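*Asks:* First to last, the protein sequences are chains A and B.
Residue 107 in my numbering is what sits at position 107 of the first sequence, and the numbering runs on without skipping anything.
Residue 405 in my numbering is what sits at position 405 of the second sequence, and the numbering runs on without skipping anything.
Just to be clear, a hint being listed does not mean it is correct.
Think about it this way: if two alpha-carbon atoms lie no more than 16 Å apart in a straight line, the pair counts; the simulated EDC-like pairs of lysine to aspartate or glutamate are [said to hold, decoys possible]: (1) A/K294 x B/E379; (2) A/K375 x A/E317; (3) B/K75 x A/E339; (4) B/K102 x A/E117; (5) B/K103 x A/E379; (6) B/K294 x A/E2; (7) B/K277 x B/E162; (8) A/K75 x B/E64; (9) A/K349 x B/D251; (10) B/K102 x A/E379; (11) A/K349 x B/E2; (12) B/K395 x B/E317; (13) A/K102 x B/E379.
Source of the hints: derived by calculation from the structure; they are not laboratory data.
Because the structure is a prediction, the values reported are computed rather than measured.
As a plain string of letters, each chain reads:
Number of protein chains: 2
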Amino acid sequence: MERLPGFRDFYPEPVPSRDAGWSFDARQFIFGKWREAARRYGFREYDGPPLEPLELFTTKSGAEIVGQLYNFVDKGERAVALRPEMTPTLARMVAAHERAYKKPIKWFALPQLFRYERQQKGRLREHFQFNADILGENDVAADAELIALLIDTLRSFGLTAEDFVIRLSSRNAWQEFYERGVRNAECGAEGAYQFYQIIDKLERTPPEESQKKLAALGFSLEDVNGFIASGTPTAELASIIANLAARGLGDFVKVDYHVIRGLAYYTGPVFEAFDRKGEFRAIAGGGRYDNLVKLISGGKVNLSALGFGMGDVVLLELLSARGLLPQFDATVDVFVLIEDEAVRPQSLKLIQDLRATGHVVDYPLTPAKPDKQFKRAQELKAGFTARVEGAATVKIRNLKTREEVVMAAADAPGHIAR
Amino acid sequence: MERLPGFRDFYPEPVPSRDAGWSFDARQFIFGKWREAARRYGFREYDGPPLEPLELFTTKSGAEIVGQLYNFVDKGERAVALRPEMTPTLARMVAAHERAYKKPIKWFALPQLFRYERQQKGRLREHFQFNADILGENDVAADAELIALLIDTLRSFGLTAEDFVIRLSSRNAWQEFYERGVRNAECGAEGAYQFYQIIDKLERTPPEESQKKLAALGFSLEDVNGFIASGTPTAELASIIANLAARGLGDFVKVDYHVIRGLAYYTGPVFEAFDRKGEFRAIAGGGRYDNLVKLISGGKVNLSALGFGMGDVVLLELLSARGLLPQFDATVDVFVLIEDEAVRPQSLKLIQDLRATGHVVDYPLTPAKPDKQFKRAQELKAGFTARVEGAATVKIRNLKTREEVVMAAADAPGHIAR
C-alpha cells in the first residue's frame with residue numbers, strides 16, 4: 001500500500017532515500033529555527049483546525065479556489081475543506097476574541113497546508129508554512145518589524161545578504177498607478193485585479209502578450225516598465241527601509257515593483273524573499289491585508305493586519321544547495337552494555353537512573369554478543385558506555401577519550417556530563 | 001464564521017475562555033514532555049500524511065470503520081480518509097523501508113487524529129496522540145521497555161504511583177481461555193472477536209446481559225469473573241513485571257484481566273493506564289500487534305510490533321484536576337522603552353542586538369506615553385527594561401531587583417543574563 005501522490009512521509013535519519021521520503025529531523029530543525037526566531041521577536045504561537053468550513057476560504061478567495069482544494073461534504077452535510085492557507089483561520093480566531101488580546105497582536109503558526117492541484121511530477125499537495133502576522137497596527141513600523149523577523153529567520157539558518165534579498169513593493173503605489181492611468185473608470189475593482197495579475201506575471205510573460213493585455217485596460221507596457229525601472233520608494237516604503245537600516249538590516253532589502261502579490265486581498269506594502277542567484281521560487285511572501293478581518297467577521301470586527309508565509313519546501317532546497325543543513329544523527333548519551341545476563345536487573349536500574357537524570361540511554365533488549373553490543377554503541381555515536389560490574393559498581397568508558405572509570409552505580413548519573 | 005463542531009482552536013495564553021478554545025501553550029507543554037521522555041528512551045520521531053488511502057484503514061479495521069471516518073473521494077477519484085489512528089501509517093512506512101533501519105526500531109510520533117462520530121455535546125472529532133512503537137523484537141523485554149516509557153512519560157508531568165496505574169493484561173491468556181472453553185470450534189476467529197468484545201465491555205454492562213452473551217459462546221460469567229479475580233500473571237506478564245520492578249517501577253503496574261483492548265489486531269500483552277481515582281477514561285492504551293505489518297504489506301514484510309497511544313485530551317483533564325499544569329504567561333526578557341522618538345533608530349539597533357544574542361524583546365511600535373510603555377513592560381512580565389540615553393549609552397533596569405545601570409549600548413546584550 002502506498003501513500004497518496006503529493007504527500008510526504010517523514011522518516012527519522014538516516015532517511016533511506018529521497019524517493020522514500022523526507023527527513024523528520026530536517027523538518028524539526030526548521031521548525032525549531034522558525035519558533036526560536038518568532039520567540040525572540042515576541043510572537044506567540046497559535047493553531048487552528050486543519051479542516052474548516054469551505055465558506056471560510058471562498059469568502060476570502062472567491063469560488064474559483066474550490067478547484068484547488070481538498071473539499072468534501074462531511075457526514076453531517078457540512079461543506080468542508082482542508083486548509084490551503086492559514087490567514088482565514090487566523091482572521092476568524094482573532095475576530096472571535098479580539099478584545100481579549102492587547103494590540104498589536106503578534107502571532108505565528110506552523111500549519112500544514114493542502115492544495116489539490118492536477119498532478120505534476122514531484123509537485124507536492126501539502127507543505128508546512130511559517131506564518132507570522134501582526135494585527136491591530138496601522139503604522140508601517142509594524143511592516144518593518146515583520147520584515148525584520150523574516151530577515152532574521154532566514155539569517156538564523158546561516159543565510160546572508162549574499163544569499164537572499166527581500167524585494168519590497170507597494171500595492172498602494174500600483175493602485176495609484178492604475179487609478180491614474182485607467183482609461184475607463186468602469187473597469188473598477190475587477191479591472192484593478194486584472195491589472196495586478198498582469199503585473200504579477202510580467203517577468204514570466206512575453207512582452208507582446210503583456211503589452212496587448214495592458215492596452216485593453218488603457219496602459220502601455222512602456223509606462224509600466226518605466227515605473228518599475230524608476231524604483232522610487234513611496235513614503236511608506238522609504239519609512240520601512242529607514243527602519244530596517246537603523247537595525248543594520250538595510251542590505252537585505254530593495255525596492256522592486258515587479259512584486260505585486262497576485263492575491264486580491266493585499267492592501268499596502270507587499271514583499272517577497274528570493275535567493276540572489278534566482279535559482280528557486282520565492283522563499284517567502286507577504287504584505288498588508290487591512291480588510292480581511294472585517295470581511296471574515298461579516299463587518300463585526302475591523303482590524304488592520306499584515307503577515308508573511310514561508311514554506312518548508314523551497315527553504316529546504318535552498319539550505320541543501322548552500323550546504324546549510326546539518327548532519328542529523330541518531331545519537332545516545334550512554335549505551336549500557338549487558339554482557340552478563342545475571343546483572344540485567346542491576347543494569348535496568350542503572351538505565352532508569354541515567355534516564356531519570358535526563359540522559360539519552362539505549363541498551364540491548366535481549367542477550368547479544370559483547371562485540372555486537374559495542375558495535376551498536378558506536379553506530380549510535382554513544383558518548384559513553386556503562387557496564388555493571390558486581391553488585392553495585394559500574395565501569396564507565398568515555399568513547400571519545402577512551403578514559404575508563406569504575407564507580408558506585410549511584411554516582412554514575414552525576415559523572416556523565418549531559 | 002465559526003469553526004467546525006468538535007474541532008479546536010488553540011490560542012496563546014491567556015486563552016479568553018474555555019469556550020473560546022484551548023491553550024496552545026498547554027499543548028506545546030505536553031508535546032515537549034512527550035518528546036523529552038521519548039528522546040531519553042532513544043525513540044526517534046517520524047510523521048506521515050494526515051490524509052491516507054481509505055484502504056489503509058479498512059485493511060486493518062474492516063469496512064465498519066468507514067462510518068467513523070472523515071472519508072471522501074478526491075478530485076483524482078481516489079478514496080481517501082483523514083487518519084483516525086497512526087499505526088497503519090507506521091506499518092506502511094516501516095514495511096516500505098524496513099531494511100534501512102536496525103532492529104529493534106524504536107519510533108514515536110505526535111499525530112493529530114480525526115474521527116467523525118455522531119455529535120455528542122463536547123465530544124471532540126480530533127485530538128493529538130503520543131504514539132510510541134517498537135518493531136522487530138519478539139521478546140517481552142520490548143514490552144517492558146515500552147511500558148517503562150509510558151510510566152516515565154506520565155511521571156515527567158509530576159504524576160506519581162498514587163495518581164495512576166498501568167493495568168496489564170494478556171490477549172494470549174484470554175485467547176487460551178477462549179480456546180479452552182469455546183463450545184463450538186466453528187465459532188473461530190469471529191467468535192473470539194465477539195468474546196473479546198464482551199470482556200472489553202464487562203465493567204460497563206449489566207451482569208445478566210454479559211452472562212447471556214457469554215452463554216451463547218459456551219462460557220459462564222462465573223468462570224470469566226473467576227479468571228479475572230485470580231489475576232495470576234502469565235509467564236510473559238511475570239517477566240514484564242520483574243523487568244519493571246528491576247527499574248524501580250513495580251508500583252506503577254498491576255495485572256488486571258479486565259483489560260483486553262477491543263481492537264481485533266492485538267496479539268500479546270495489552271495494557272491501559274488509568275488514574276487511580278477512576279475519574280477519567282483511560283489515559284493511554286496499547287499492546288502487541290505482531291501481525292499488522294504483514295497484513296498492511298500484503299505479506300511482504302513480517303515484523304513483530306507493539307505500541308501505545310496517549311491522547312492529549314484526557315491527559316489535559318487529569319493534569320488540570322491534579323493542579324499539575326503550570327501557569328503559561330506571555331513573557332519577554334527585555335522591554336525597550338522609547339520615550340524620545342529622536343532615539344528610535346538607536347533603539348531599533350539595540351533591539352536588534354539584544355535579539356541577535358537570543359533575548360526575547362518587545363517594544364512600542366509607535367509613539368506611546370512613558371507610563372503606558374512601562375505598564376506594557378509589566379504586563380509582559382519583562383525581566384528588564386532598557387532605554388537609550390544619548391548617542392551610545394543605555395540605561396538598563398532589572399524589574400525584579402530594581403537595580404539600574406547605565407552602560408555603553410554595545411555592552412547591553414552581554415549584561416542581561418538569559
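*Asks:* Honestly, which of those hints from before does the structure not fit?
*Replies:* Going through the list in order, the structure violates hints 1, 2, 3, 4, 11, 12 and respects the others.
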